[in-house]
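Trainee: Chain A is fixed; fit chain B onto it per the hints.
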Amino acid sequence: MKLSREEVQHIALLARLGVDESDLEKFSVQLSNILENFDILQQVDTTDVPPTSHPVALSNVLREDEVTPSFAPADILANAPQEEEGCFRVRAVLE
Amino acid sequence: MDYDLTIHEVHELLKSRKISSIELTQAVLDRIEEVEGKVSSFVTITRDLALDQAHQADERIKAGECLPLTGIPVLIKDNMCTRGTRTTCSSKMLENFVPPYDAKVVEKLNDRGMVMLGKSNMDEFAMGSSNENSAFYPTHNPWDLERVPGGSSGGCAAAVVSGEAVYALGSDTGGSIRQPAGFCSVVGFKPTYGRVSRYGLVAFASSLDQIGPLTRDVTDSALVLNAIAGHDPRDSTSVDQPVPDYTKSLVPDLKGTRVGVPREYFVEGMERGVEQVVRQAIDQLEELGAEVNWEISLPSTPAALACYYIVAPSEAMANLARYDGVKYGFSARDAESMWDAMEKTRQHGFGPEVKRRIMLGTYALSAGYYEAYYLKAQKVRTLITREFAEAFSKCDVLVTPTSPTVPFRIGERVDDPLQMYLADVCTLPINIAGIPGISVPAGFVDGLPVGMQILGKPFAEETLFRAAFAYEQATEWRHRRPVLNGA
Numbered sequence: 001m002k003l004s005r006e007e008v009q010h011i012a013l014l015a016r017l018g019v020d021e022s023d024l025e026k027f028s029v030q031l032s033n034i035l036e037n038f039d040i041l042q043q044v045d046t047t048d049v050p051p052t053s054h055p056v057a058l059s060n061v062l063r064e065d066e067v068t069p070s071f072a073p074a075d076i077l078a079n080a081p082q083e084e085e086g087c088f089r090v091r092a093v094l095e
Numbered sequence: 096m097d098y099d100l101t102i103h104e105v106h107e108l109l110k111s112r113k114i115s116s117i118e119l120t121q122a123v124l125d126r127i128e129e130v131e132g133k134v135s136s137f138v139t140i141t142r143d144l145a146l147d148q149a150h151q152a153d154e155r156i157k158a159g160e161c162l163p164l165t166g167i168p169v170l171i172k173d174n175m176c177t178r179g180t181r182t183t184c185s186s187k188m189l190e191n192f193v194p195p196y197d198a199k200v201v202e203k204l205n206d207r208g209m210v211m212l213g214k215s216n217m218d219e220f221a222m223g224s225s226n227e228n229s230a231f232y233p234t235h236n237p238w239d240l241e242r243v244p245g246g247s248s249g250g251c252a253a254a255v256v257s258g259e260a261v262y263a264l265g266s267d268t269g270g271s272i273r274q275p276a277g278f279c280s281v282v283g284f285k286p287t288y289g290r291v292s293r294y295g296l297v298a299f300a301s302s303l304d305q306i307g308p309l310t311r312d313v314t315d316s317a318l319v320l321n322a323i324a325g326h327d328p329r330d331s332t333s334v335d336q337p338v339p340d341y342t343k344s345l346v347p348d349l350k351g352t353r354v355g356v357p358r359e360y361f362v363e364g365m366e367r368g369v370e371q372v373v374r375q376a377i378d379q380l381e382e383l384g385a386e387v388n389w390e391i392s393l394p395s396t397p398a399a400l401a402c403y404y405i406v407a408p409s410e411a412m413a414n415l416a417r418y419d420g421v422k423y424g425f426s427a428r429d430a431e432s433m434w435d436a437m438e439k440t441r442q443h444g445f446g447p448e449v450k451r452r453i454m455l456g457t458y459a460l461s462a463g464y465y466e467a468y469y470l471k472a473q474k475v476r477t478l479i480t481r482e483f484a485e486a487f488s489k490c491d492v493l494v495t496p497t498s499p500t501v502p503f504r505i506g507e508r509v510d511d512p513l514q515m516y517l518a519d520v521c522t523l524p525i526n527i528a529g530i531p532g533i534s535v536p537a538g539f540v541d542g543l544p545v546g547m548q549i550l551g552k553p554f555a556e557e558t559l560f561r562a563a564f565a566y567e568q569a570t571e572w573r574h575r576r577p578v579l580n581g582a
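Protein sequence lines, in the order shown, are assigned to chains A and B. In this text, residue positions in the first sequence follow our numbering: the first is 1, and each later residue adds one. In this text, residue positions in the second sequence follow our numbering: the first is 96, and each later residue adds one.
For reference, chain A alone in the conformation it holds in the complex:
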């Protein structure tokens, strides 16, 4: 599987990852090389094999819906890059 520069650019956009022009080529070569090696997966016969998403077979883990203490807003906001009136300040979503 070869990944073109354009495909790398598209994946980066999906992941909201800015990539330098100069890095596109490098990532395209490296990711293609990795994916080529992963063709081995297609050689494994998985007919009638169910997928595993998790090593522990847990179904829903439930708990009582009880009120418990939470973090103080000031503690959470202490790491905020930009804060205003006890809220996270964000850029305009609508332009």
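Calculated directly from the structure, the hints in this document are not laboratory data. Fair warning: this is a prediction, and the values are worked out from it, not measured in the lab. Among these hints, one or two may not hold up.
To be verified - Where chain A lies over chain B, by a calculated footprint (3+ residues, C-beta under 8 Å):
no., segment
1, 132–143
2, 475–485
Stated by the list, open to error - Which stretches of chain B does chain A cover? Using the computed rule of at least three CB atoms under 8 Å from a CB of chain A, they are:
no., segment
3, 111–117
4, 252–263
5, 320–332
6, 440–446
No residue lacks a Cβ here, since even glycine has one placed at the ideal position from N, Cα and C.
Mentor: Coordinates of chain B only, in the frame set by chain A:
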């Protein structure tokens, strides 16, 4: 004062009041001062906190309460949240992040009178096998400073073997405890998935991540697991099973133990010296009374690397979507719009390997490729898990090399991601199956350490400890230390 003792040795000295925790902590801090310039195991050294906690531990010991870990200096990998002490994941993204809470394992160690020396250097977001992916500086292997200590818990392994910490807590997603333990000649233990709470561990790949100890011997490993294992309602994947006293399984013989050697782990790419050392170690297990079966087969092993590098990046891309520059972490300022800000934040906050994995995961999960990659990898995961279960119907433990090579040179693999991934080829199938694994020092090739990996079925930690302990007691590798004089 000796900075180079084990937990159980130090504990006896503390309990009998032959030394104080302050004296011990000061000795370790002095050692850090002496060798850190060469090794670079730490991202943050919490000197004042350590001395303060040592003082509190001494008060506790005076009051007659000296638990096995009380007053003993520990290094915590920098992807476990520590309230009030920055937790960076060796990433520019979290360089100034100070968690408002403690990880469950940190809470547990605190309850037992922990003395925290600091936070360890690591591969950024635990993605790497050499510590070269740290955004700050690489860690050096104390046995040869030109070589890597392994990764991603490379700072932990390097610190424990060079006397900069009595023990360390690391995390293991595809070998990140065991592989550096093997490269540095310490004991590294990855528990069964669900044995230790992941609450407060910065998530990399949630179905693979597990916390465990790096220690100077197997007894210490059992002591630390005693302290950190157990169910935690705040990690819904932690398993509610009783925690035995793991030190009870430390018996120095292997009579009746069935040891299997999976032949797929001794194949191409393995260095001859490593193979010889591990084969000798297996012969030693036989001398200790084990029945060795050299004919075990895990046929899907060759596909495990690809399976892992689809599953782990897919989970990582979802977990790392949270770094958007809004709530915490690095935030790009010079942007024109919300999307632009987010893209620039992630462009400048993440290093190259993290970006590669985010893109790999995004690709594997994207429309048109999901079935060929992610779903296929999940099915291969089922096969790998089944094959381990089948093998464990014939033997109690499996034994393999921890890594196919001795520690490689710094810079040797950084430009070839696939070569770097191969460093974990013996360890990552274990995370895929969720089973426990331990790496114990098994010898040296030209002065460079080799680890032997011992595997068991889910929650068979005691069987692993017994095999590892019997082997360790019959050898002298644990007493060897690298020469690291003065800075």
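Trainee: Work down the list of hints and note, for each, if the structure agrees.
Mentor: We went through each hint and held it up to the structure:
{"no.": "1", "hint": "132–143", "verdict": "violated (count 0)"}
{"no.": "2", "hint": "475–485", "verdict": "holds (count 5)"}
{"no.": "3", "hint": "111–117", "verdict": "violated (count 0)"}
{"no.": "4", "hint": "252–263", "verdict": "violated (count 0)"}
{"no.": "5", "hint": "320–332", "verdict": "holds (count 3)"}
{"no.": "6", "hint": "440–446", "verdict": "holds (count 4)"}
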